[in-house]
Each structure stands twice: as structure tokens, then as C-alpha cells.
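Participant: Sequence:
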Amino acid sequence: MKIRTYSGSKELRKKPENLIQEDIDLFKHEFEKEIQYSYIVEIKNSYLSGKNLINLKNFRFYIKHTYMNTPPIKNVIKFIIKFFKLRSKSIETIENGVWVINNKSENYFHWMTESLSRVLSFKKLNSEFPILISEDFKNLDFVTKTLDFLEMKYKIYETDRVFKVKKLLLTSHTAPAGNYNSNILFELHKNLNDGSKSNLGKRLWVSRKYTDRRHLINEDEIMPILEKYNIQVIYPEKMEYIEQVELFRNATFLGGVHGAALTNMLYMEMNNKVLELRAVNDAHNNCHYSLAVGLNNKFYYLICENDKDSNFIVDPIQLENTLNEIFKN
59 MKIRTYSGSK
69 ELRKKPENLI
79 QEDIDLFKHE
89 FEKEIQYSYI
99 VEIKNSYLSG
109 KNLINLKNFR
119 FYIKHTYMNT
129 PPIKNVIKFI
139 IKFFKLRSKS
149 IETIENGVWV
159 INNKSENYFH
169 WMTESLSRVL
179 SFKKLNSEFP
189 ILISEDFKNL
199 DFVTKTLDFL
209 EMKYKIYETD
219 RVFKVKKLLL
229 TSHTAPAGNY
239 NSNILFELHK
249 NLNDGSKSNL
259 GKRLWVSRKY
269 TDRRHLINED
279 EIMPILEKYN
289 IQVIYPEKME
299 YIEQVELFRN
309 ATFLGGVHGA
319 ALTNMLYMEM
329 NNKVLELRAV
339 NDAHNNCHYS
349 LAVGLNNKFY
359 YLICENDKDS
369 NFIVDPIQLE
379 NTLNEIFKN
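Here the sequence shown is numbered in my numbering, starting from 59 and rising by one per residue.
Treat the hints loosely; a few may be bogus.
Stated by the list, open to error - Pairs of lysine-lysine residues, derived as PhoX-like cross-links and limited to a Cα-Cα distance of at most 20 Å, are as follows:
1) LYS91 / LYS72
2) LYS102 / LYS224
3) LYS331 / LYS248
4) LYS115 / LYS86
5) LYS331 / LYS296
6) LYS60 / LYS225
Bear in mind the hints are in silico, worked out from the structure with no lab data behind them. Here the structure is a predicted model, which is why all the values come from computation and not from measurement.
Turn these sequences into a full structure, and let the hints steer you where they fit.
Facilitator: And the structure:
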């Protein structure tokens, strides 16, 4: 039986502040979205291995709960083979737990916007069951810290073993990837920040200099422009997670190349400003646009050229003009 936790919603999204007619096709399919209700089902005597679930009684895999998108059949076959090999060795029992992850949950964006939304769905039940996370997550500081923010118990299980879970609460995805139920989004923002207010009014630019892809090739060239507008360049990979959180909580502007770090607008006060550098003709990656306007922020964008390795090149004149528009008031 499905237990409804959040009603569905019709999301009507504000257009980007600097939208021009020639770019409208990049965004128009996102202006209105129907989001289905969220629910939880109780599963008895299911088996858990890695980030997959199986119920041997009816040979069900719960794929729509454990994958962001439907996986290739070969992936399912690989799991089945591995599952039965591991099952032949030993099975450990877990009395109860909650499932909130999918195959992308180790990615910062997917954890913050999808898994934590599912955690809130579970919290509606006022249950004491622990969140089940595989050992792949144990070195991801953002996972344990955000669960602490939400005051959630969790249990870390070994990846290469089979576990029988006597009673599992299986949460649904709360929205398709890159989309959000605004009621959950507001609640998530409130729970993560516990009423904190931005006292410093920082303007932050998230650099991808130390990431393995999607670099801003001419970042050094735009440094004087960022300095002119009192924008601080930060390198999240060089910072402790709590240090990042406190910095973003004191921001009133967040900008940078499309990437997971922009998800940290979840820590900014709402009703602020976000600037995303986007690839040419990219009508697919609108997750940060939807997140920004979902949090009542003013969203700006700038189209950039890309090289063969998907690195970005921003036009400095266009950047300065956009920043001037953002900060003119």
C-alpha cells in the first residue's frame, strides 16, 4: 500500500531575468511542469546488494526507485549474476531501514536535490528507521553532514554483500531529475539552514579549475571583471564541507559554469541572484534554472562557446554586461 507523503504540484516557473527571444527554445519546455505526488511503500523481506533491491518472492527489482533512469537490460543481468554469487556466500539481516538513493546519488547534485527530498518524504512518517547508505558514501562528507542537518539516523552497509531487510520503507522519487516539488524544496531549504540569515552579502563565483572537466578556459582573463563587482572566486574542492556551507549561507549572489557546485544555492537565502554559464544550444540541462527560480531567486544565464572537451569560453564583454545588469540596482 502506498502512503502519500506530499501532494503533487503544478510548477509554474518564472522566466530567466535576461531571457532573449532567440534563446526561448532553451527554456520554454520548463516553464510549466506537472509533478506527481510522493509516496512510501513498505516492503517485507527484500534483499539488498550494492545500490540494488530485489524481492525474491515476486522477482521484483524496484528499478524506478533505485535508478534515475531505466538502466540497460545488461546492467540488470550483471546485477542478478553478482547477487546470486554473493548470496551463495552469506546473508546478513537488517531489521529495518529506509531507501532514499539511486544510481546517481553519490553525485552532489543528485544527493542534495533527490535523495534529501526523499529523506524529507520519509520524515513525514515520524519513524525511527535508519537511512540505508552503502559504504561507497562513507567518505562523502556532504552525505553524513546533510543527514546530520536533517537530524536523521543512518546505517552504512557493505557494498559487496547481500542483506535481507525484514522491513524496508521504500521512498519514491519526489520529481523527475532536474525538477522539484516546490513544497518539498522550501522545506528542504528550511531544514538545511535552520533559519540562518545572510549577514555578509557575499558575491561568490564557483571555479571549476580543480575539477576534471568543464573548465572555464579563460577564467584568468575574467578575474579583473569579477574583482570589479566584488565577486569572490572560490574553489570548493579545496575547502572543508562545513566551511563551504557557511560561505554559501552568507551569499546573496552565486555564479559559475553549469555544474554541481551551483546546487549550493540551497544554502543561500532565497530571493537572491544566480548566474549560470551554459553551453551553446543546451536545452537539456535546466536543473539549475529550475532550482534557482524554485527557490524564488532571480536567474540569469550566459551562453558560452565550448571546445572539443566541453570546456567553456566566456565572452568577457558579455559577462561584464550581464553582471552590470544583475547589480545595477
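Participant: Now, for every hint given, state plainly whether the structure supports it.
Facilitator: Comparing the hints with the structure gives:
no., hint, result
1, LYS91 / LYS72, "12 Å, holds"
2, LYS102 / LYS224, "5 Å, holds"
3, LYS331 / LYS248, "18 Å, holds"
4, LYS115 / LYS86, "45 Å, violated"
5, LYS331 / LYS296, "24 Å, violated"
6, LYS60 / LYS225, "15 Å, holds"
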